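S.K.: One letter stands for each residue in the lines below.
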Amino acid sequence: MSNGNNENNLIRMFHVYRRYGNKTALVDINIDIKKNEFIYITGPSGAGKTTLLKLLYLGEPISEGQIIIDGVNLARIKKNKIPLLRRKFGIIFQEFKLIPTKNVFENVALVLEAAGKQSRYIQKKVSSMLRAVGMEDRQNSFPLSLSGGEQQRVAIARAMAGDPKIILADEPTGSLDDDSAEQVIELIKEFHARGSTIIITTHDTKLIKKTGGRMIHLKQGRLWSPSNQH
Amino acid sequence: MKPLHFKHALSDISNNRLLNIVSIITIAFSVIITSSIILFFTNTTSILNIWKKGVKVMVYLSPEVSNEDINEIQKKILGMYGVKDIAFISKEEALKVLKQQMKRQSSLLDNLKENPLPDAFEIHLIESSEVWEKIESLVSQVESIPKVEEVEYGQKWLARFSGIVYIFKLSGYALGILFFIASVFIVANMVRLVLYARRDEIEIMRLVGASDRFIKTPFYIECIIQGAVGGIIGLLLLFLVFSSFTSNVDQGITSDLINIKFFSFTSLSAILICSMFIGWFGCFMSLKNYMKT
Ligand SMILES: Nc1ncnc2c1ncn2[C@@H]1O[C@H](COP(=O)(O)OP(=O)(O)OP(=O)(O)O)[C@@H](O)[C@H]1O
Ligand SMILES: [Mg+2]
Numbered sequence: 001m002s003n004g005n006n007e008n009n010l011i012r013m014f015h016v017y018r019r020y021g022n023k024t025a026l027v028d029i030n031i032d033i034k035k036n037e038f039i040y041i042t043g044p045s046g047a048g049k050t051t052l053l054k055l056l057y058l059g060e061p062i063s064e065g066q067i068i069i070d071g072v073n074l075a076r077i078k079k080n081k082i083p084l085l086r087r088k089f090g091i092i093f094q095e096f097k098l099i100p101t102k103n104v105f106e107n108v109a110l111v112l113e114a115a116g117k118q119s120r121y122i123q124k125k126v127s128s129m130l131r132a133v134g135m136e137d138r139q140n141s142f143p144l145s146l147s148g149g150e151q152q153r154v155a156i157a158r159a160m161a162g163d164p165k166i167i168l169a170d171e172p173t174g175s176l177d178d179d180s181a182e183q184v185i186e187l188i189k190e191f192h193a194r195g196s197t198i199i200i201t202t203h204d205t206k207l208i209k210k211t212g213g214r215m216i217h218l219k220q221g222r223l224w225s226p227s228n229q230h
Numbered sequence: 231m232k233p234l235h236f237k238h239a240l241s242d243i244s245n246n247r248l249l250n251i252v253s254i255i256t257i258a259f260s261v262i263i264t265s266s267i268i269l270f271f272t273n274t275t276s277i278l279n280i281w282k283k284g285v286k287v288m289v290y291l292s293p294e295v296s297n298e299d300i301n302e303i304q305k306k307i308l309g310m311y312g313v314k315d316i317a318f319i320s321k322e323e324a325l326k327v328l329k330q331q332m333k334r335q336s337s338l339l340d341n342l343k344e345n346p347l348p349d350a351f352e353i354h355l356i357e358s359s360e361v362w363e364k365i366e367s368l369v370s371q372v373e374s375i376p377k378v379e380e381v382e383y384g385q386k387w388l389a390r391f392s393g394i395v396y397i398f399k400l401s402g403y404a405l406g407i408l409f410f411i412a413s414v415f416i417v418a419n420m421v422r423l424v425l426y427a428r429r430d431e432i433e434i435m436r437l438v439g440a441s442d443r444f445i446k447t448p449f450y451i452e453c454i455i456q457g458a459v460g461g462i463i464g465l466l467l468l469f470l471v472f473s474s475f476t477s478n479v480d481q482g483i484t485s486d487l488i489n490i491k492f493f494s495f496t497s498l499s500a501i502l503i504c505s506m507f508i509g510w511f512g513c514f515m516s517l518k519n520y521m522k523t
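Chains A and B are the protein sequences, given in the same order.
Using my numbering, the letters of the first sequence map in sequence onto residues 1 to 230.
Using my numbering, the letters of the second sequence map in sequence onto residues 231 to 523.
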């Protein structure tokens, strides 16, 4: 890198756009995120929060602009390197994305299997992750037999199991009661303390007050800050 | 390939039982058809070969043939395709043999002033079906030699039968290839259906960092297992039909000469490998398109 300041930046977004046909979901987004930052992305429904996360893990292509993650330009990444990029992320999807034909244990184990971990390690790690989210009793249940909050906790265990560098959490407390939400936030804070970079989208301003961290506000696909107001 | 992939393959099979059963039945069916065709041909050709061993071609020469002519004709015939050896039988010898065969009535022949029999050659053929398919052309070649009066070969029908077997064989190959293609096609479509049923799951696996190889390997294992199971079922069924057939026929035809055999161990393994290949190939065909997206 030519600029010494940039070395701390784990994620850089330059003039990023995302269009769906005529509709532009993200407009000219410029964000730098440093290693071990704790970021909240807020904004009304439809503002483009989920879309922003999708671009980071290449869940969708970037329409215009550049994103650089850990020194890798996503526009130029080779197809066979995409799995490696995704293993840097622990992703908690807004709609959980658990596999209905696999039980709770298998869902969490999948991430570790895909990363090529030893089966003994997988056994231990999955058990401890499920214990951390309070789902160790339900490890043989299938996702569809779980409540929304329980599914969310499994999704969180799966996202964390691979000890990711970056945690992307799309409304991770959306279907949880206050107590469970608190537990989940504690867990995320633990990962933050161990050095992970955290990016959370949320409507929950209470949560932000409790934990602190940088806030990025989106409105109709644009970055919005008090200085933009007229 | 790790035990993990096997585990995933087996759970895929139990999650998609119906599609797997359809693939297995298809493969078993094509194995039965193609193997019974192969079985028919190996047995008919071996029976034919046994019969052919006893067959000789007789060449009768005209009365005014000279000793030099005889030598020349012998050389010519020996040089022809498919001829193993050739023996000259003079008319005197032939007469002696005839007299021996007629025994009591041989006095009838004593009254002959002249030997009415021709000089002759006895041609033995190389024992191969290829030669047999060309016997007619050999015969006409020999007939065209000057001073050759007549050519006779015993089982003319055998040559004709060889020709029919040859045509059968060609259509057998065609049928075998047809079934091979059909089963690859059906397996490929079954895999496509499984892929379609599991598209969300595959998408999720990709999003959490699974490589294409991690996703594909269980499919390949699944399809190769389908191929193996289909092959084994097909061969078992064929064997049952075969053994009930031969035990019925046994008393009638089977003798030392005609010995109907099932596949050797090598052929069995080859068929099994082919059926596993069908599974693999079907899988390959549909994954090739799917993974591009
Ligand atoms: N696949 C798509 N095709 C067309 N439009 C889309 C698609 N995905 C998202 N959009 C649009 O892009 C905009 C941003 O959507 P996005 O899901 O990022 O919103 P969000 O901020 O996550 O909202 P929420 O808080 O409700 O989750 C929305 O207007 C949405 O309709
Ligand atoms: Mg969203």
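Honestly, the hints are just simulated from the structure, not real lab data.
Watch out, some of these pointers could steer you wrong.
What the hints assert, rightly or not - Facing chain B, a subset of chain A residues (Cβ under 7 Å, in silico):
#1 Gly-71
#2 Lys-81
#3 Arg-86
#4 Lys-97
#5 Thr-101
#6 Val-111
All figures in this text were calculated on a predicted structure; none of them were measured in a lab.
We treat Cβ as the ideally placed atom computed from N, Cα and C, and that holds for glycine.
S.K.: Give a verdict on every hint.
M.R.: Hints, verified against the model:
no. : hint    : result
1   : Gly-71  : 18 Å, violated
2   : Lys-81  : 10 Å, violated
3   : Arg-86  : 4 Å, holds
4   : Lys-97  : 5 Å, holds
5   : Thr-101 : 5 Å, holds
6   : Val-111 : 5 Å, holds
Comparing the model with each earlier hint shows violations of hints 1, 2; every other hint is respected.
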